[in-house]
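*Asks:* At position 48 of the sequence shown the residue is numbered 53 (my numbering), and the sequence of numbers has no breaks.
Calculated directly from the structure, the hints in this document are not laboratory data.
Just so you know, not all the hints are guaranteed correct.
Taking CB as the label site, the calculated pair distances span [said to hold, decoys possible]:
(1) Ser12 x Gly62: 16 to 22 Å
(2) Phe71 x Ile10: 21 to 27 Å
(3) Trp36 x Phe70: 18 to 24 Å
(4) Val87 x Pro60: 33 to 39 Å
(5) Arg58 x Leu88: 29 to 35 Å
(6) Ser12 x His32: 22 to 28 Å
(7) Leu51 x Trp11: 17 to 23 Å
(8) Pro60 x Pro28: 23 to 29 Å
C-beta: ideal position from N, C-alpha, C; glycine also.
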Amino acid sequence: MLHLIWSIIVGFFVGWIARAILPGADHMGFWMTAGVGIVGSLIGGLIGNAISRPPPGSKFHAAGFFMSIIGAVVLLLVLRYVLKM
Numbered sequence: 006m007l008h009l010i011w012s013i014i015v016g017f018f019v020g021w022i023a024r025a026i027l028p029g030a031d032h033m034g035f036w037m038t039a040g041v042g043i044v045g046s047l048i049g050g051l052i053g054n055a056i057s058r059p060p061p062g063s064k065f066h067a068a069g070f071f072m073s074i075i076g077a078v079v080l081l082l083v084l085r086y087v088l089k090m
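Kindly generate the complete structure, drawing on both the sequences and the hints.
*Replies:* This is the structure in structure tokens:
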């Protein structure tokens, strides 16, 4: 349960930073921002694992937070294109 709460909190901050980097997505609420951050983290994690795998036994990828932000920005760009935000 704590992992889920932590994912929502970190996802919100990642989504919030992505919204600040990519203007025009100011109308999103808390849950949409957290959702973009969480999905962006998954996208960033996939990109990070494709480039370089973390060492065995590590809890997170070294560049995970930055890749999460990049993934959230990519997701916002896709949403902007699809939904015409």
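*Asks:* It remains to establish, for every hint, whether it holds in the given structure.
*Replies:* Going down the list of hints, with the structure as the test:
1. Ser12 x Gly62: 16 to 22 Å: Given range 16 to 22 Å: holds, Cβ gap about 21 Å.
2. Phe71 x Ile10: 21 to 27 Å: holds, 23 Å
3. Trp36 x Phe70: 18 to 24 Å: Holds: the Cβ-Cβ distance is about 21 Å, inside 18 to 24 Å.
4. Val87 x Pro60: 33 to 39 Å: Holds, at about 37 Å.
5. Arg58 x Leu88: 29 to 35 Å: holds, 34 Å
6. Ser12 x His32: 22 to 28 Å: holds, 23 Å
7. Leu51 x Trp11: 17 to 23 Å: With Cβ atoms ~20 Å apart, the hint holds.
8. Pro60 x Pro28: 23 to 29 Å: Once the Cβ atoms are compared, 37 Å apart, the range 23 to 29 Å for proline 28 and proline 60 is violated.
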